[in-house]
Amino acid sequence: MSSSVDRIRNIGISAHIDSGKTTLTERILFYTRKIHAIHEVKGKDGVGATMDHMELERERGITITSASTSVEWRGHNINIIDTPGHVDFTIEVERALRVLDGAVLVLCAVAGVQSQSISVDRQMRRYRVPRVAFINKCDRTGANPERVVRALRDKLGHRPVLLQLPIGLEAAFEGVVDLIDMRAVYFRGASGEDIEFGPIPAAMQAVSEERRAELIDTASLFSDELLEAALDGNATPELLREAVRRGTLALELTPVLLGSAYKNKGVQKLLDGVVDFLPSPAEVPIEAVDLENDSAPVQLVSDPTAQTVVYAFKLDEGRYGQLTFIRVYQGTLAKGDTVVQTRTGRKIRIGRVVRLHADSMEDIAAAEAGDIVGLFGIDCHTGDTLVGDGPRLAMTAMHVPDPVISLAVKPADNKSQVNMSKALSRFAKEDPTFRVTQDQESGETIISGMGELHLDVYVERMRREYGAAVETGAPQVAYREAISRRAEFDYLHRKQTGGSGQYAKVAGYIEPCEDRDYELDNQIRGGAIPTEFIPACDKGFRSALAKGSLIGSPIVGVRVVLVDGNSHPVDSSDLAFQVAARAAFRDAYRRAAPRILEPLMRVSVEGAAEFQGAIFRTLLHRRGTVIGSQEDEGFARIEAEVPLGEMFGYATELRSATQGKAEYTMEFARYAPVPREVSEELLAHYKNRAAHEEE
Amino acid sequence: MMTEMMFGLRRSARTLLERDGCPGPGPGRLGLVMARAGVGKTAFLVGIGLDALLAGQNVLHISLQSSVDKARAWYDDLLTELLRRERKLEHRAEIQLAIERRRHIHTYAGRAFTPDKLRQAVELLREAMGFVPQVVIFDQPDLASVERSTVEALRATAAGLGAELWMACRTHRDGPQAAPGHLPPPADRIEDLVDLAFRLEPQESKVRLRVVKDREHMLDRDLNLVLDPETLLLVTGVTPRR
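Taken in order, these protein sequences are the chains called A and B. Heads up: the first sequence runs through residues 1 to 695, numbered per the working numbering. Heads up: the second sequence runs through residues 696 to 937, numbered per the working numbering.
The set of hints was computed from the structure by calculation and includes no laboratory data. Where a beta carbon is used, it is the ideal one built from N, C-alpha and C, also for glycine. Don't take each hint at face value.
[Said to hold, decoys possible] For the chain A half of the interface with chain B, some residues (derived, Cβ under 7 Å), not all of them: (1) 608; (2) 610; (3) 612; (4) 613; (5) 625; (6) 627; (7) 628; (8) 668; (9) 669.
[To be verified] Here are the in silico distance ranges between beta carbons for each label pair: (10) B:779 x A:543: 26 to 34 Å; (11) B:867 x A:210: 28 to 36 Å; (12) A:523 x B:779: 58 to 66 Å.
[Stated by the list, open to error] To give an idea of the interface, some chain A residues facing chain B are shown, with a C-beta separation under 7 Å as derived from the structure: (13) 154; (14) 514; (15) 517; (16) 616; (17) 617; (18) 629; (19) 630; (20) 639; (21) 643; (22) 646; (23) 672.
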């Protein structure tokens with residue numbers, strides 16, 4: 001196995017659900033000799049694909065948690081993270097993207113660029129991940145790679161360059177014409193393992209030359225050498241490859257390759273594409289921050305001899321304890337090393353370092369800069385940075401969205417109670433978007449996450465992996481409260497109960513704040529409130545934000561401006577100012593026209609164009625606002641924003657309204673005020689509940 | 696109150712182009728904005744659309760070049776800018792919701808657009824959502840690639856709806872110039888279909904607006920309107936007429 005950093009590729013495989021990415025990964029493992037037989041995702045042999053390593057994934061035919069594996073191809077070490085396709089699990093995709101240097105975007109030759117591909121692509125753009133597109137399922141009826149290439153341009157805004165042409169399509173799909181080397185490539189043998197090169201079929205010669213000329217035109221934008229060589233009629237495959245690589249690394253080009261993973265065609269050429277066009281860790285600039293130097297940015301280098309900097313991006317509880325997936329960004333991490341956990345300053349000794357292969361692993365002595373490996377025997381959280389001797393560096397944090405939906409869970413018996421606690425504490429540690437809280441009034445355990453499916457999967461995992469039988473309540477939407485106008489406050493807290501009393505006065509105003517949940521603007525001049533009591537005021541205001549007076553939901557989007565106050569040399573204390581701030585806020589809140597906010601979900605529905613009207617109606621029934629629609633040769637995509645509270649059971653309604661010819665994805669968009677009738681309903685419900693609890 | 700506030704936010708040139716009691720070219724008529732590449736034709740069209748939305752009208756925005764997300768982002772950015780200038784950002788969520796209920800963005804990927812498909816889409820929006828636009832924005836700056844028959848069909852669709860239609864036209868500095876008394880190419884092909892035509896002229900750090908056709912009259916009149924080069928909105932200080 002090569003250890004040089006420029007021979008490492010850290011890649012993700014991302015796509016819409018059912019585009020065949022797990023099947024593709026299975027073929028990659030087979031051709032790189034990591035497995036000796038191919039198992040299908042929903043195979044008759046009952047084994048399931050190797051990367052879908054959890055029982056539930058095998059049963060549902062979907063990938064839930066990312067399994068990491070390492071393979072070798074043409075002397076390069078390729079670390080692959082298989083990522084989930086459902087948007088409810090985007091934290092998995094985000095984690096993968098954080099540590100990856102490049103990605104393969106798998107697209108279905110029939111369905112083209114689907115809604116999930118769009119949201120995954122948006123994430124990749126955010127992390128500036130160069131990608132190679134693989135148009136899969138070219139053997140399927142209705143396969144049309146040219147249409148997918150157009151969709152890459154029109155829907156995703158890529159500049160796609162087709163590096164291959166299909167030889168035959170649908171059932172007649174035989175192989176591809178390689179437009180760089182200008183030859184035909186066939187995949188023979190029982191599992192497509194024997195690659196056969198041949199001349200381009202005569203009927204495709206002219207079109208191949210024409211498409212190669214187009215490819216050279218586009219690629220030469222990134223290479224003067226290629227431009228000059230092309231003018232001399234001497235564009236070599238090497239120059240062409242290098243130019244496409246430069247364009248890809250600059251995120252200006254997306255090389256497009258073709259195949260059918262299920263029919264064992266095109267996968268080896270895709271691996272060539274990964275090696276040829278995606279970056280090595282040394283080619284991707286990575287920044288950390290120096291916590292001892294006012295968080296000054298520090299450029300990391302892929303040098304095995306530099307200070308060790310390691311990032312933990314995923315935790316998994318297995319048979320041998322906690323497995324921590326890490327990426328080494330700088331230096332070397334060896335078994336027996338001691339590193340410092342930046343967050344806590346705690347020293348950690350490295351026990352086992354393992355190279356991962358789906359659900360099996362091999363022990364290795366050390367991992368160098370650029371590598372993705374697993375560690376056993378360390379206690380840390382997702383997002384932790386571990387460093388060797390030197391400055392206290394931290395990788396910047398991942399974007400973690402707040403949960404939008406919650407569910408009460410109750411163990412069915414005593415045994416389940418213990419198991420449920422174990423399961424929940426593990427899930428919360430592994431997944432930052434999954435939260436566990438205790439309802440202070442009802443004492444119920446509440447789990448919160450990013451969608452119905454997200455929570456369903458965890459409930460199911462509690463049952464299967466921990467034997468915890470749990471009952472669940474109805475899903476609850478995470479409402480918020482916010483003010484809509486400015487209101488003044490001027491509050492004096494005074495109490496004399498024998499001994500030292502309590503005295504604190506705060507004055508100012510609260511007003512809506514667009515871009516933050518809370519902000520304290522201290523405009524006190526001349527010490528009306530002594531500086532040492534400002535943190536107590538802050539604490540008091542924050543505690544008032546935890547529960548609004550409308551429906552008991554957290555208050556967001558408030559700026560508190562503190563302009564005046566008063567204190568007493570003896571009777572003022574932290575406690576007095578906390579109480580005053582809390583009471584002042586509550587008083588002003590009532591006069592600031594508070595309102596209830598609900599989470600709006602961005603819903604993207606895609607289906608046959610003939611059902612557009614039916615889709616519009618399903619969205620409008622659910623208080624949706626249709627933002628727009630896109631038509632594309634018989635297909636339509638409708639973008640809407642719908643309150644989360646109205647989305648329960650949508651899959652069933654959509655199926656029946658479109659004869660099963662449409663599907664949807666949704667993700668959190670923003671919070672927005674609820675309409676008056678919904679607000680009244682929620683207020684009445686809260687009032688009833690409060691009265692009931694009082695009784 | 697919200698309606699009043701939204702009306703007061705209007706800063707598009709459309710607010711000053713009132714004719715016969717209605718802004719813009721009028722129902723069933725075509726307004727055309729011409730400019731060289733990069734001057735801000737799309738921003739100008741989005742400004743027209745936003746102006747209509749703030750005035751309480753329904754807007755259908757058709758794009759052959761942008762995705763729904765991109766077109767929406769134009770409106771969001773412009774609205775944010777208007778609210779920022781007026782120090783009313785705290786009302787963004789409500790106003791955004793209000794205008795999104797009155798706006799539909801319809802885009803066509805690749806070569807999927809035909810006038811007939813658009814007519815069907817308009818019919819579908821009316822049937823399924825009860826949405827009838829009063830302003831139709833057709834965002835395709837490359838007018839040279841649009842057939843005359845397409846413009847005729849678009850105008851007929853707009854007329855059927857009683858909606859005003861707005862289009863853009865990219866002109867070229869080095870291309871053929873306008874014949875005297877005519878619109879410059881490629882707009883000259885559809886000159887008789889255009890009711891109101893403007894030219895955007897960049898001048899140092901601002902953009903000036905000239906009217907070049909008003910109904911059957913060809914003119915070249917400087918409207919003395921200065922537009923912000925970033926947003927193509929009127930510079931502050933101009934109040935819309937009710």
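Hint-by-hint comparison with the structure:
Interface restraint check: residue 608 (chain A) against chain B, minimum CB-CB distance 14 Å, threshold 7 Å, status violated. Taken as an interface hint, residue 610 (chain A) does not check out: its beta carbon lies about 10 Å from the nearest beta carbon of chain B, beyond 7 Å. Restraint check, residue 612 (chain A) versus chain B: the minimum CB separation of about 6 Å is within 7 Å; hint holds. Annotation: interface hint on residue 613 (chain A) holds; nearest CB of chain B at approximately 4 Å, less than 7 Å.
Because the beta carbon of residue 625 (chain A) sits about 5 Å from the nearest beta carbon in chain B, less than 7 Å, this interface hint is met. The beta carbon of residue 627 (chain A) is positioned within 7 Å of a beta carbon in chain B (closest approach about 6 Å), and the interface hint is therefore held. About 3 Å separates the beta-carbon of residue 628 (chain A) from the nearest beta-carbon of chain B, less than 7 Å, and the hint is met. With a cut of 7 Å, the hint placing residue 668 (chain A) at the interface with chain B is violated, because the nearest CB-to-CB distance is about 15 Å.
With a least beta-carbon distance of about 11 Å to chain B, the hint placing residue 669 (chain A) at the interface is violated under the 7 Å criterion. A hinted range of 26 to 34 Å holds for the C-beta pair residue 779 (chain B) and residue 543 (chain A), which are about 32 Å apart. Between residue 867 (chain B) and residue 210 (chain A) the C-beta distance comes to about 29 Å, which sits within the given range of 28 to 36 Å. Between residue 523 (chain A) and residue 779 (chain B) the CB atoms are about 22 Å apart, so this pair departs from the stated range of 58 to 66 Å.
For the restraint placing residue 154 (chain A) at the interface with chain B, the shortest Cβ-Cβ distance is roughly 4 Å, inside the 7 Å limit, so the hint holds. Contact between residue 514 (chain A) and chain B, as hinted, is supported at the beta carbon level, the nearest pair being about 5 Å apart and thus within 7 Å. For residue 517 (chain A), the interface hint is violated, the least distance from its beta-carbon to any beta-carbon of chain B being 14 Å, above 7 Å. For the restraint placing residue 616 (chain A) at the interface with chain B, the shortest Cβ-Cβ distance is roughly 4 Å, inside the 7 Å limit, so the hint holds.
The beta carbon of residue 617 (chain A) comes within 6 Å of a beta carbon in chain B, closer than 7 Å, and the hint placing it at the interface holds. The interface hint given for residue 629 (chain A) is met, as the beta carbon of that residue sits about 6 Å from the closest beta carbon of chain B, less than 7 Å. Among the interface hints, the one on residue 630 (chain A) holds; its C-beta lies about 5 Å from the nearest C-beta in chain B, closer than the 7 Å criterion. About 5 Å separates the beta-carbon of residue 639 (chain A) from the nearest beta-carbon of chain B, less than 7 Å, and the hint is met.
Interface hint status for residue 643 (chain A): violated, as the beta-carbon distance to the closest one in chain B is roughly 11 Å, over 7 Å. Using the Cβ-Cβ criterion of 7 Å, the hint placing residue 646 (chain A) at the interface with chain B is not satisfied: the shortest such distance is roughly 15 Å. With its C-beta approaching chain B no nearer than about 5 Å, residue 672 (chain A) sits inside the 7 Å limit, and its interface hint holds.
When each numbered hint is compared with the structure, violations occur for hints 1, 2, 8, 9, 12, 15, 21 and 22.
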